[in-house]
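Asks: The residues making up each chain are set out below.
2 protein chains.
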Amino acid sequence: MTETDQLVANATKYFDNGGHDGSRAVRPAIGVAVVACMDSRIDLFALLGLRVGDAHVIRNAGGVVTDDTIRSLAISQRFLGTREIVLIHHTNCGLEGLDDDRLADDLQAETGIRPAWRARGFTDPVADVRRSIEALRRDPFVKEKDSIRGFVFDVATGRLDEVDAGG
Amino acid sequence: MTETDQLVANATKYFDNGGHDGSRAVRPAIGVAVVACMDSRIDLFALLGLRVGDAHVIRNAGGVVTDDTIRSLAISQRFLGTREIVLIHHTNCGLEGLDDDRLADDLQAETGIRPAWRARGFTDPVADVRRSIEALRRDPFVKEKDSIRGFVFDVATGRLDEVDAGG
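Line by line, the protein sequences are chains E and U.
Residues 1 to 167, numbered by this note's numbering, are exactly what the first sequence covers, in order.
Residues 1 to 167, numbered by this note's numbering, are exactly what the second sequence covers, in order.
Heads up, a few of these hints could be off.
A short list of chain E residues far from chain U (calculated; beta carbon distances all over 12 Å) [what the hints assert, rightly or not]: (1) Arg-59; (2) Arg-137; (3) Asp-139.
According to the in silico footprint, chain U covers these stretches of chain E (three or more CB under 8 Å from chain U) [stated by the list, open to error]: (4) 22-36; (5) 44-57; (6) 70-80; (7) 124-136.
Restraint-style ranges between C-beta atoms, simulated for each label pair [what the hints assert, rightly or not]: (8) Thr-2(E) / Ser-23(U): 21 to 29 Å; (9) Asp-21(E) / Arg-138(U): 32 to 40 Å; (10) Asp-161(E) / Ser-23(U): 32 to 40 Å; (11) Asn-92(U) / Thr-12(E): 31 to 39 Å.
Hint data in this document are derived by calculation from the structure and do not stem from the laboratory.
Here a beta-carbon is modelled for each residue, glycine too, at the ideal position from N, C-alpha and C.
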């Protein structure tokens with residue numbers, strides 16, 4: 001039995017328990033899109049008190065702003081009506097100290113192909129949240145810019161601290 | 001008071017309740033990376049029975065495989081030890097029927113700039129899960145390929161159905 005088999009068994013329980021609210025619409029009820037790191041220690045529904053149907057959840061390695069983040073936010077805002085963006089990085093991130101060139105070199109040595117993407121390592125989550133907010137403020141395809149706020153989640157304590165981005 | 005203000009208040013409650021398990025390591029305990037759509041009606045922790053610390057969670061518009069998905073999975077597998085991939089699309093997706101060229105035309109008309117990214121609209125979630133599995137199987141930077149499984153989540157009933165990808 002794989003771990004995936006266990007997750008599938010858990011999903012059967014979720015269905016059998018009948019607790020899923022199937023009445024919610026495709027448009028997020030509170031008009032928020034969350035952009036966060038993929039880290040396993042961030043349960044966004046529990047942390048932010050989200051209910052099924054409330055908010056879009058965009059997650060990648062680092063919670064960084066990439067073309068794919070912009071694609072997702074553009075679709076979220078234009079077609080599904082979200083107006084606020086919440087960015088979440090966290091302490092003890094796997095991307096802290098990761099060297100983009102070194103990973104590209106390693107992958108090229110191993111596969112013969114150099115990735116077209118950068119790893120997007122960073123050294124300070126607070127500074128990277130500030131950079132991410134700036135990137136969203138400047139992006140022409142992000143049209144709702146009135147509420148773009150950034151946070152760092154402490155995975156050891158469960159505390160969410162806002163980052164002062166200025167401006 | 002914005003919706004974000006309410007989420008921040010909820011996060012304070014999460015911290016005050018003291019329920020966060022701060023003992024979990026950066027490496028996901030069950031070695032799984034989940035790739036899913038950003039749709040607001042998918043609470044992956046509840047659906048899959050995930051605990052804090054169990055699995056990486058990668059989400060974007062559609063749950064599609066992009067360069068950013070590959071970047072996240074490559075980092076997840078190489079540095080953080082995940083070995084299984086779970087792909088989740090769903091019914092009633094905002095990307096169903098979305099025309100990539102039309103969105104690019106609209107954005108160009110509105111901003112004067114044509115996006116470098118494609119919207120990645122699709123017509124059938126089952127077919128797109130199959131395409132995504134194929135894309136991951138072929139990708140040189142995804143090194144753990146023994147367990148790549150795909151599912152469609154029914155947002156109306158809460159049921160998760162596996163997609164037979166062949167191979």
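Asks: If a hint holds in the structure, say so; if it does not, say that too.
Replies: For each hint, the structure was consulted:
Distance check for Arg-59(E) against chain U: the nearest CB is about 5 Å away, which does not clear 12 Å, and the non-interface claim fails. Annotated as non-interface, Arg-137(E) keeps its C-beta farther than 12 Å from every C-beta of chain U; the closest such distance is 15 Å. Taking the minimum C-beta to C-beta distance to chain U, about 10 Å, the non-interface status of Asp-139(E) is violated against the 12 Å cut. Here the region 22-36 of chain E counts 9 residues with a CB under 8 Å from a CB of chain U, which clears the bar of 3, and the coverage holds.
Only when three residues or more bring their CB closer than 8 Å to a CB of chain U does the claim for the region 44-57 of chain E stand; here the count is 12, and the claim holds. Check on the region 70-80 of chain E: 9 of its residues sit with their Cβ under 8 Å from a Cβ of chain U, so the three-residue criterion for coverage holds. Counting residues of the region 124-136 of chain E whose C-beta lies closer than 8 Å to any C-beta of chain U gives 0; at least three are required, and the coverage claim is violated. Checked against the hint of 21 to 29 Å, the pair Thr-2(E) and Ser-23(U) passes, with Cβ atoms roughly 25 Å apart.
Judged by the Cβ atoms, the range 32 to 40 Å given for Asp-21(E) and Arg-138(U) holds: they are separated by roughly 37 Å. One distance hint, 32 to 40 Å for the beta-carbon pair Asp-161(E) and Ser-23(U), is violated here, with the actual separation near 20 Å. At roughly 21 Å, the beta carbons of Asn-92(U) and Thr-12(E) sit outside the given window of 31 to 39 Å.
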